[in-house]
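Participant: What follows is each chain in one-letter form.
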Amino acid sequence: MTTVFDRPHALKDVSLHYCPGCTHGIIHRLVAEAIDSLGIEGRTVGIASVGCSVLTYNYFNVDMIQAAHGRAPAVATGVKRAYPDNIVFTYQGDGDLAAIGTAETVHSAARGENITVIFVNNAIYGMTGGQMAPTSLPGQITQTSPYGRDVKTVGYPVRVCELLREVDGAAYLERVAVNDVKNVKNAARAIKKAFQYQVEGKGFSLIEILSTCPTNWGLTPDKALGWLEDNMIPYYPLGVYKDKYAKEAE
Amino acid sequence: MAEKVLMKGNEAIAEAALMAGCRHYFGYPITPQTELTAYMAKRLPRMDGVFLQAESELAAINMVIGVSAAGKRVMTSSSSPGISLKGEGLSYLAGCDLPAFVVNVQRGGPGLGGIQPSQSDYFQATRGTHGDYRTIVLAPDSVQEMVSLTIKGFELADKYRMTTMLLADGTLGQMMEPVSLDAEEVVTFEKPWAACGTGMKRPNNIINSLSLIPEELEQWNLTRFKRYDIVEENEVRYEEYMMEDAEICLVSFGITARVSKNAIAEARARGIKAGMIRPITLWPFPKKPLLAAADKVKAFISVEMNMGQMVEDVELATRCRKPVLSCTRCGGVIPSPDDVMTAILKANEMGGAAK
Numbered sequence: 022m023t024t025v026f027d028r029p030h031a032l033k034d035v036s037l038h039y040c041p042g043c044t045h046g047i048i049h050r051l052v053a054e055a056i057d058s059l060g061i062e063g064r065t066v067g068i069a070s071v072g073c074s075v076l077t078y079n080y081f082n083v084d085m086i087q088a089a090h091g092r093a094p095a096v097a098t099g100v101k102r103a104y105p106d107n108i109v110f111t112y113q114g115d116g117d118l119a120a121i122g123t124a125e126t127v128h129s130a131a132r133g134e135n136i137t138v139i140f141v142n143n144a145i146y147g148m149t150g151g152q153m154a155p156t157s158l159p160g161q162i163t164q165t166s167p168y169g170r171d172v173k174t175v176g177y178p179v180r181v182c183e184l185l186r187e188v189d190g191a192a193y194l195e196r197v198a199v200n201d202v203k204n205v206k207n208a209a210r211a212i213k214k215a216f217q218y219q220v221e222g223k224g225f226s227l228i229e230i231l232s233t234c235p236t237n238w239g240l241t242p243d244k245a246l247g248w249l250e251d252n253m254i255p256y257y258p259l260g261v262y263k264d265k266y267a268k269e270a271e
Numbered sequence: 167m168a169e170k171v172l173m174k175g176n177e178a179i180a181e182a183a184l185m186a187g188c189r190h191y192f193g194y195p196i197t198p199q200t201e202l203t204a205y206m207a208k209r210l211p212r213m214d215g216v217f218l219q220a221e222s223e224l225a226a227i228n229m230v231i232g233v234s235a236a237g238k239r240v241m242t243s244s245s246s247p248g249i250s251l252k253g254e255g256l257s258y259l260a261g262c263d264l265p266a267f268v269v270n271v272q273r274g275g276p277g278l279g280g281i282q283p284s285q286s287d288y289f290q291a292t293r294g295t296h297g298d299y300r301t302i303v304l305a306p307d308s309v310q311e312m313v314s315l316t317i318k319g320f321e322l323a324d325k326y327r328m329t330t331m332l333l334a335d336g337t338l339g340q341m342m343e344p345v346s347l348d349a350e351e352v353v354t355f356e357k358p359w360a361a362c363g364t365g366m367k368r369p370n371n372i373i374n375s376l377s378l379i380p381e382e383l384e385q386w387n388l389t390r391f392k393r394y395d396i397v398e399e400n401e402v403r404y405e406e407y408m409m410e411d412a413e414i415c416l417v418s419f420g421i422t423a424r425v426s427k428n429a430i431a432e433a434r435a436r437g438i439k440a441g442m443i444r445p446i447t448l449w450p451f452p453k454k455p456l457l458a459a460a461d462k463v464k465a466f467i468s469v470e471m472n473m474g475q476m477v478e479d480v481e482l483a484t485r486c487r488k489p490v491l492s493c494t495r496c497g498g499v500i501p502s503p504d505d506v507m508t509a510i511l512k513a514n515e516m517g518g519a520a521k
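If you read the protein sequences in the order shown, they are chains A and B. If you read the first sequence in our numbering, its first letter stands for residue 22, the second for the next number, and so on. If you read the second sequence in our numbering, its first letter stands for residue 167, the second for the next number, and so on.
Honestly, I wouldn't trust all of these hints.
Cross-link-like lysine to any residue pairs, in silico, SDA-like; alpha carbons within 25 angstroms at most [said to hold, decoys possible]:
hint	chain 1	residue 1	chain 2	residue 2
1	B	Lys367	A	Arg50
2	B	Lys367	A	Gln217
3	B	Lys357	A	Asn79
4	A	Lys206	A	Val220
5	B	Lys357	A	Asp106
6	A	Lys33	B	Leu378
7	A	Lys173	A	Asn79
8	A	Lys213	B	Trp359
9	A	Lys33	B	Val477
The set of hints was computed from the structure by calculation and includes no laboratory data.
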């Protein structure tokens, strides 16, 4: 009998704590597949952040460090500088990366740290129960924007890829989504490419992944996928925002 | 003995860290410790080390966490307001049982305070930020001792998997003294717990301070505090100065201990038997020698450059058996020997002869 589909070795055979319908599980798998396919498991170190993805340290079959809220890129910088041959990635949500960790995000990009940032954008703080995130959409109802995000008083969502493309040190920035098969396959390609760039010493890469939070959006998993497509993708267009080595790759 | 060189305290700490095998430094400019950062910027790149000026103190301490978690010796340095920013990382270092060497060259506070010397971070250093944890706090009183305590500090951090803080002040950081850089014994430790890649040869290592199970988190703390008990048992350091016949016991650390020694000479010239117990470790605090002294002297004087932050520790250590006076200057003012002499005269006038 031939095995045609299996769990990636870099992903542990354990139950994930994520809510039903949450797309974190898909993204975990894509990261693990990238690690497997590049044969880098033994030299990869992952940095978990704070938020729903805090427990990622229990899921990946690589050495893991759990960082304080927003500080994952700084911790990753330390690991990478100590062991430049290690492959170091962070796995961060939108509150972690685009609010409390904005400085660490921008400056690790500016330094061109040779790390890979997996940025999961689901437009809400999930772990704490659904508060407004830096990426919550205008008008979006959350626990802390119960009348809808009013841009006149709390300002506008932060578009991370657009922001970082002006930073010289960033090598590769792409926004993808995991709401349908086509987009999942494209996300898999982007994530693998980001790790590949690190292996080749090309510098800072960040993959922003539009993701769902059915629980805190108050939607069924299926409707959440539709909400992502109808509301998030128009505000956060998919695509490559920067690729210093695009010509080389062609 | 090798010949001595004239060095600033800040630079001597940096050189000693290199002697201890530290090749990773992360910092952010702040007066009065900047010479340390600058020294590392000059030296580390030429010895295949890593010097990085971080975007903030927060980032710097988290870079320290990264290197430490990966298993290598690492340090950062700052001054009072910057140490507050590092506070978050200090708690995570403790929660993750990671070794680190952190230098605080104190300046006056609170807030932005001033840039002149101070010891007003005594509470912060010996108590820390959120959560149940301890930090080994070393308080040198000379540039030479900055060298030896830096080397020892790295050893203690690795040995007990905790942060060692070198608590200096603007005077010690800025002043120059002749210092011997003779090779001191450097003790290193294996770090099988480090997160630096499994090499596909072992189960993965996880460095983490989170537990959502109260009983588990309690157990982690209990285990950690058993280690702290060993530190309290084995690592107390202090100097006794002219205590054999002392009736007045000064308690002071760091640069104020140097001032106190001048005052003790003056007191003894006037026939007052003053001596000093100088805590070198502020945690663990030298409780035993202070308690022993409480049976012999008639009063203690806590001499500090703050509003009297060590007084309660002296009272607790001596179980309030004798009065504890507080002699302090603050805001960046260094107490003069006359300030201390005034306190000695006051203590001497207090009733009750020494037993």
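Participant: Does each hint fit the structure? Answer for all of them.
Facilitator: Hints, verified against the model:
no. : hint                : result
1   : B/Lys367 - A/Arg50  : holds (23 angstroms)
2   : B/Lys367 - A/Gln217 : holds (23 angstroms)
3   : B/Lys357 - A/Asn79  : holds (21 angstroms)
4   : A/Lys206 - A/Val220 : holds (21 angstroms)
5   : B/Lys357 - A/Asp106 : holds (19 angstroms)
6   : A/Lys33 - B/Leu378  : holds (20 angstroms)
7   : A/Lys173 - A/Asn79  : violated (41 angstroms)
8   : A/Lys213 - B/Trp359 : violated (28 angstroms)
9   : A/Lys33 - B/Val477  : violated (53 angstroms)
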